[in-house]
Amino acid sequence: MRIARRPFVAPRLKPRTRRRETVLLILVAIILTVGSVSLSATERVAAGQPILLVPADPRALAVYLGLLGAVHVAQIVAGRRTDQILLPAVGLLGGIGLLLMERLPQGLVSQDFGGTTLGLGQLQLAWLSIALVVIGVLAVAVRSDAWLRLYKYTWAAAGIGLLVLTVLFGVDVNGERLSLRIGPVSGQPSELLKVILVVFLAGYLSENRRLLVEEDTRVGPLRLPPLPYLAPMLAMLAMALGVVVIQHDLGAALLFFAVFLLLLYVATGRLSAVAIGLVLFIIGAAVLYRLVPTVQERVDIWLNPFADPTGAGYQIVQALHAFARGGIVGTGLGAGLPLIGGQLPIPAVETDFPFAALGEELGLAGILAILGLYFVVIERGLRIAAAAPDEFRAILAAGLSLVIGVQAFIIAAGNLKLIPLTGITLPFISYGGSSLLANAIVVGLLLAVSDRGAEAPPANS
Amino acid sequence: MDPTLATLWILRLLFLALIYAFLFGVVRVLIRDLRSASREGTVGLGRLVVVASPGDDPGVGAVFELDALTTIGRDVNNTVVVEDPFASAEHCVLSYRGRAWYVEDRLSTNGTFVNATLVDGTAALGFGDELQVGEVRFRLERGRSR
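The listed protein sequences derive, respectively, from chains A and B. According to our numbering, the first sequence is numbered sequentially starting from 1. According to our numbering, the second sequence is numbered sequentially starting from 1.
Extracted from the complex, chain B is given alone in its bound form (with noise of 0.2 Å):
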C-alpha cells in the first residue's frame, strides 16, 4: 500500500480512536462517581443547619441529619434537643411526607416560626427555608449523601 495513503488511514483512525479512548476514560469516571454514590447508601431526606443560637447549644453550624419523623424540643428525648429558655419541652415535629416536609406545632408556648411566620398548626416546609424554635433559628437543606 501506499505508504502516504496509509499515514492518512493511520492518523484517520487514530484521531477517531483517541476520542473514543477519551469518552471511555470519561465514562469509566462517570460510572465509578454513580457506584460510590449508590454505596453511600441513598442520600438523606434533609438535614437542619443551625444558623442562629443565643445560647450556643446547639451551637451556630451544627447539622442534624433528619429521620423521616424528628422531634424538636428543650426534653432530652426528643431528636433534637434545643437547650433554650424560650423553647418548649415538647415543641415541634418534622414530618416527611410524599416529597415535602412538613413541621407540626406540638402546642409550644412561643411558637414555631417558618420564615418568619407563625405556624397555626401545621406548615409545609422547603428547602432553604428558616425554622425557628425559641430563640434558635434552622434552615432545612437537602439531604447529602452521608
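Chain A on its own, in the form it takes in the complex (with noise of 0.2 Å):
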C-alpha cells in the first residue's frame, strides 16, 4: 500500500469550511431564481405568451451566482476566518439591482464595445461581476491594515487631487460636474472618496483618540472639544464638502458630514461634538439654502413637489405614484412602472430611483426587506467595530459600514420625500461602475478587517 502524499499544493493553504455562509448563498440562489423566474413570467403574459417557468436572463443569474459561489469558495480555499453574513446579504442586494437593470427598457444605458452594443443589464451583470473579484480579491489577499493606517494624509491628499482633477477637467452630465473621463472610462469620484474619508478619519481619530477625549477648550462655562487637535480634520472635511457643494453633488456632502460626526462620536463618545456639528450643519444649510439655487430648488421641490408637477416635481411625484401603485406587495416584477408617452414615468430611474421602482413591484414588503438588509450590513459593521482588536480597527469598520447604510438612507428617504431629494446611488442595487466598485471596495475591507486570523495591529512608535 502506498502511503499518500501530501498532494501538491501551496504551503500554509488550510481549507475552512464556511457552514452558515454556504446555507444563506444557496437561500440567495433560490430566491433570485425565484424572482428572475417571475420576471420572466410576468414578461411573457404581458407579450401574450404562455408562461414557461424558466429564468428571464439564466445565463446572467448564472454568471452572478457563479461569481458570488467563487467568492465564496476563494475564502473556504484560503482558510479565511471572515465574516459569513456579509457576503449573502449583499449578493442578494446586487442580485436584486440586477433583477431590476435586466427588467428595466435596455436602451437607458447602452455602450459600445467593438461592435456589440452592451444595454442596462449587461453592463450592471459586468460590474457587479468587477465588484465581486475586487470583494474576493480584499477578502483573500489583505492580511495587514499598514497600507492603509501608515498613509493616512497620503489618502487623503490622493481622494482631494482626485476631486480637484473633476472640477478642473470633469464632464459634465445634466449640468452637475461628477464625472472623470479617462480614455472611454469614466467614473464619479466622489464614490471613491467617501471610502478615503472613512480610512483618513479612522487613522486620524485612532491616533488622537485620547487628545480628543481628555483636553477641553473651554469658552467661557462651555466645554467644547479640543479645537486643535480636531482642525486638520475639519481641514479635509472643509475641503471634501467644498469642492462637493463647488460641483453640486449635494447628497455626497450630506453623507461626507453625517458619516464624520457618527464616527467623531464613535471615537469619542462625546455628544457635545455631535450637538456642535448638527450645529453647524443648520447654519451651513441655511447659507446653502440663500446662496446656492440648486439647494433651494430641492428644498422647494421636497416641502411641495405637486406646486409644478410637470416641471420641476415631475420625478418626485411620479415616484410618489409608483409607491402608491404598489401597495403592499407591490405589482410584481416587470409589471410596474407603465410607459407614460413611450417613457418610463420617473427619470433617472436606474441610479437615483430604484427604491421608488421596487416600491412599486416589490411592494412595502419588499422595499421593508431591502431596508432590512441594509440593516443587516450595518449591524454586521458595528459587531465587528466590536470585536477588533485595536482602535484604528474599530474606527474603519464602523465607518465602512456607517457609510453605507447612511447613503440609503439618505437616497432612499430622498425616494419617499422624507427628506429632499439629493442624487446619490442606492448602494449595491443602483446602476453605476463607480458605485459599485466604491462598495466593493467597502465590503471587501470590512470582511478583511472581521479576519480573525489576520495579522496583529503594528506597534504604534
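Heads up, none of these hints are tricks.
Here are some chain B residues pointing at chain A (derived, C-beta under 8 Å):
hint, residue
1, 22
2, 26
3, 124
4, 141
Derived from the structure by calculation, the hints contain no laboratory data. Glycine is no exception: its CB is placed at the ideal position from the N, C-alpha and C atoms.
Using the hints, build the complex out of the two chains.
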C-alpha cells in the first residue's frame, strides 16, 4: 500500500468550511432564481405568450451566482475566518439590483464595445462581476492594514487631488460636473472619496482619540472638544465638502458630513461634538439655501412637489405615484412602471430612483425587506468593530458600514420625500460602475478587517 | 381563478416570502451571535501581549488579561511578574480610569517606557501602544470576549 503523499498545494493553505455562508448563499441563489422566473413569467404574459418557468436571463443569473460562489470558495480554500453574513446579504442586494436592471428598458444606458452593444442589464452584470472580484481579492489578499493606517495623509491628498481633477477636467452630465473621464472609462470620484474619507478619519481619530477625549477647549462656561486637534480633520472635511458643494453634488456632501459626525461620536463618545456639528449643519444648510439655487430648488420641491407636477416636481411626483401603485405586496417584478408617452414614468430611475421602482414592483413588504438587508450590513459592521483588536480597525469597520447605511438612508428617504432629494446611488442596487466598485471596496475591506486570523496591528512608534 | 394569473401571484408572493425567509435566517444567526457574546461575559478591559522578552520569562506571545488595577514588576506578588534583571520589584501599575488606560511608574530604577518615551509619573496608554518594563516589551490590546 502506498502512503498517500501530500498533494501539491501551496504551503500554509488550510481550507476551512464556512457553513453559515454556504447555507445563506444557497438561499440567495434560490431567491434570485424565483425572482427571475417571476420576471420572465410576467413579461411573457404581458406579451401574450404562455408561461414558461425559466429564468428571465439564465446566463446572466448563472454568471452572477457563479461569481458569488467563487468568492465564497476562494475564502474557504484560503481558510479565511471572515464574517459569513456580509457576503450573502450584499449578494442578495446586488442580485435584486441586477433583476431590476434586466427588467428596465435596456436602451436606458448602452455602451458599444467593438461592435457589440451592451444594454443596461449586461452592463450592470459586468460591473457587478468586477465588484465581486474586488470583494474576493480584498477578502483573501488583505492580511495587514498597515498600507491603510500608515499613509492616511497620502490617501487624503489623493482623494482631494481626485476631486480637484474632476472640477478642472470633469465632464458635465445633467448640468452637474461629477464625472471624470480617462480614455473610454468615466467615473464619479466622489464615490471613491467616501472610502478614502473613512480611512483617513479612522487613522486620524484612532491616533488622537485620547487627546480628543481628555482635552477641552473652554469658552466661558462651555466645555468644547479640543479645537486644535480637530483642525486637520475639519480641514479635510471642509475641502471635501467645499469641492463637492461647488460641484453641486449635495448627496455626497450630506453623506460625508453625516459620516464625519457619526465617527467623531463613535471615537470619542462626546455628545457635545455631535451637537456642535448639528448646529454647524443647520447654519451651513441655511447659508447654502440662500446662496446656491440648486439647494433652494431641491428644498422647494421637497416642501411641495405638486406646485409644479409636470416640471420641477415631476420626478418626485412620479416616484410617489409609483410607491402608491405598489401597495403592500407590489405589482410583481416586470408588471409596474407603465410607460408614459413611450417613456418610463420616473427619469433617472436606474441610478437615483431604483428604490421607487422596487417600491412599486415589490411593494411595502419588498422595500421593508431591502431596508432590513441594509440594517444587517450595518449590524455586521458594528459587530466587527466591537470585536476588532485595536481602535483603527474598530473605527474603520464602523465607518465603512455606516457609510453604506447612511447612503442607503439618504437616497431611500429622498425617494420617499422624507428629506429633500439628493442624487446619490442606492448601494449595490443602483446602476453605475463607480458606485458598485466603491461599495465593493467597502465590503472587501470590512471582510478583511473581520478576519480573526489577520496580522496583529503594528505597534505605534 | 385563471391559472396563469394564479401562477404569477404564487411566484410574486414566493419571491417576497423567500426574501423574508433569508432575513429571518440572518436575524436568527445575529441574535444567537449576540447572545453568545453576552453569555461569555463582558469583554475584558484589555490585554497585554508580550512582544519582546530577552530572558524569555514571560515568553514572547504570552497574553495577560488585565484587571482594572494591574501591577507589573519582578516581585512575585505582582499581577504580571516580569523575570528581567532590568525590572524593579515594584515597577509600574496599569489602571483603567474612566474609559482609558494609564500607566504609573512606581519609581522604578530603570524607568517605564511608553512607545520608547520615558514615563514621568503617570502617562495615558492607548490600545496598540507599546509598554516597556526592563527589557520586556508589551503591547496593549483591546480585550476579547473571554
